[in-house]
Amino acid sequence: MDTFSHTIRLSTGGNTDVFDITPFVRDALESSGLSDGIAVVSTVGSTSAITTCEYEPGLEKDLKDIFEKLVPRGGKYAHNSSWGGSDGNAHSHLRASLVGPSVTLIVENGRLLLGTWQQIIFIDFDNRPRERTIRVKLLGS
Amino acid sequence: MDTFSHTIRLSTGGNTDVFDITPFVRDALESSGLSDGIAVVSTVGSTSAITTCEYEPGLEKDLKDIFEKLVPRGGKYAHNSSWGGSDGNAHSHLRASLVGPSVTLIVENGRLLLGTWQQIIFIDFDNRPRERTIRVKLLGS
Amino acid sequence: MDTFSHTIRLSTGGNTDVFDITPFVRDALESSGLSDGIAVVSTVGSTSAITTCEYEPGLEKDLKDIFEKLVPRGGKYAHNSSWGGSDGNAHSHLRASLVGPSVTLIVENGRLLLGTWQQIIFIDFDNRPRERTIRVKLLGS
Chain A
144 MDTFSHTIRL
154 STGGNTDVFD
164 ITPFVRDALE
174 SSGLSDGIAV
184 VSTVGSTSAI
194 TTCEYEPGLE
204 KDLKDIFEKL
214 VPRGGKYAHN
224 SSWGGSDGNA
234 HSHLRASLVG
244 PSVTLIVENG
254 RLLLGTWQQI
264 IFIDFDNRPR
274 ERTIRVKLLG
284 S
Chain B
144 MDTFSHTIRL
154 STGGNTDVFD
164 ITPFVRDALE
174 SSGLSDGIAV
184 VSTVGSTSAI
194 TTCEYEPGLE
204 KDLKDIFEKL
214 VPRGGKYAHN
224 SSWGGSDGNA
234 HSHLRASLVG
244 PSVTLIVENG
254 RLLLGTWQQI
264 IFIDFDNRPR
274 ERTIRVKLLG
284 S
Chain C
144 MDTFSHTIRL
154 STGGNTDVFD
164 ITPFVRDALE
174 SSGLSDGIAV
184 VSTVGSTSAI
194 TTCEYEPGLE
204 KDLKDIFEKL
214 VPRGGKYAHN
224 SSWGGSDGNA
234 HSHLRASLVG
244 PSVTLIVENG
254 RLLLGTWQQI
264 IFIDFDNRPR
274 ERTIRVKLLG
284 S
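Residue numbers (this note's numbering), protein chains in the order written: chain A, 144 to 284; chain B, 144 to 284; chain C, 144 to 284.
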């Protein structure tokens, strides 16, 4: 069994910006030659998250709306009084912790096991544009 | 180190139908003979999710209720205007993305490390009955 | 490829008590000598969860507040009528299922790939103090 590493870099607008990163993970998988194993896709940073979803403009808007409803940007948060109140991104942290920093997917016959409408999405919850690094680790043979 | 694959198939009622899939994962583990490693349990499809919970009828009802409160079926969603408005399952996608498509558990001495009241649950959030495929990948020795 | 196991034990206060367990996972990684692979961190128990977050007192308070808003302790839950109504911790189960029982992180050059402000946090959602066991499994070489 072997491991293969890949790095994805994204320039985001923050503010619950949603990206379909499936093509990048597929490219990493093809380059590795891995046929059978798992793919761990993990974001580096505590105000962004990774999950799966159908990626289309309607759901991208719905994701923004539902997170604004569940964890509103304008809420009263203790974190926004820490560090001299300079951050203002408590909602970003809370949303990211709810969704989680990584997904682990199964690889068989050189393919990611995903549904037809199931894409790997990266969400940048921070309150400003960011340069982001996402890491992919493949384990298997 | 080796890998072992297993497929679980379920007929669900959709609408936040909850299943205890622990026995299927345990069977896969026993068949594999794996003693030490990890088990990745992943759903194929973007309107269903996997997590852990105590599996009993009270909590099954509570799960239905809490998701209806957090992401109501009757909410106004842009996805439900996409594809000619034929889908109507935006809430299913959003709930599934919140929970996540897979769990990764630890295997030791041929057993899944789970608490006594901790079962692996599959939730079908779609708005209609579905035939579902869940994949299990075991890595270890 | 090899596997390494480590156990973390915590005495918690329950009630959405939040712990930074990154140092324990780092210690396990250093002891293992693993350079390249993955780390699975998994809680044993259905009323606790693991995710990542910036660990600071403000966000610890914000986590308590947001879970109380989303899944209130005083809500009406069917689980609290099960088992003769003795448990009273339905909200603990629901919160734990939302966040999830484990995270999988990537290891490279002997280090966990985490952002500067990204810590691995354990949250005990139960409604009373608990003795907790968290398991770490490292796979790689």
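Everything labelled a hint here was simulated from the structure, so no lab data went into it.
There's no promise every hint is true.
The calculated label-pair distances, taken between Cβ atoms and stated as ranges, are [what the hints assert, rightly or not]:
| no. | chain 1 | residue 1 | chain 2 | residue 2 | range |
| --- | --- | --- | --- | --- | --- |
| 1 | C | Ser148 | A | Thr259 | 31 to 41 Å |
| 2 | A | Ser174 | B | Glu211 | 37 to 47 Å |
| 3 | A | Thr276 | B | Thr259 | 35 to 45 Å |
| 4 | A | Thr150 | C | Pro166 | 22 to 32 Å |
Chain C side only, calculated, beta carbon under 8 Å to chain B, not exhaustive [claimed, not checked]:
| no. | residue |
| --- | --- |
| 5 | Met144 |
| 6 | Thr146 |
| 7 | Val161 |
| 8 | Val183 |
| 9 | Ser224 |
| 10 | Ala233 |
| 11 | Pro244 |
Note that the Cβ used here is the ideal one computed from N, Cα and C, for glycine as well.
How the hints compare with the structure:
1. Ser148(C) with Thr259(A): 31 to 41 Å: The hinted range 31 to 41 Å holds for Ser148(C) and Thr259(A), with Cβ atoms some 38 Å apart.
2. Ser174(A) with Glu211(B): 37 to 47 Å: holds (44 Å)
3. Thr276(A) with Thr259(B): 35 to 45 Å: Because 40 Å falls inside the window, the suggested range holds.
4. Thr150(A) with Pro166(C): 22 to 32 Å: holds (26 Å)
5. Met144: holds (5 Å)
6. Thr146: Nearest chain B Cβ about 6 Å off; hint holds.
7. Val161: At 19 Å from the nearest chain B Cβ, Val161(C) fails the 8 Å test, so the hint is violated.
8. Val183: holds (5 Å)
9. Ser224: holds (6 Å)
10. Ala233: holds (5 Å)
11. Pro244: holds (5 Å)
Figure legend: structure checked against the earlier numbered hints; the only hint not met is number 7.
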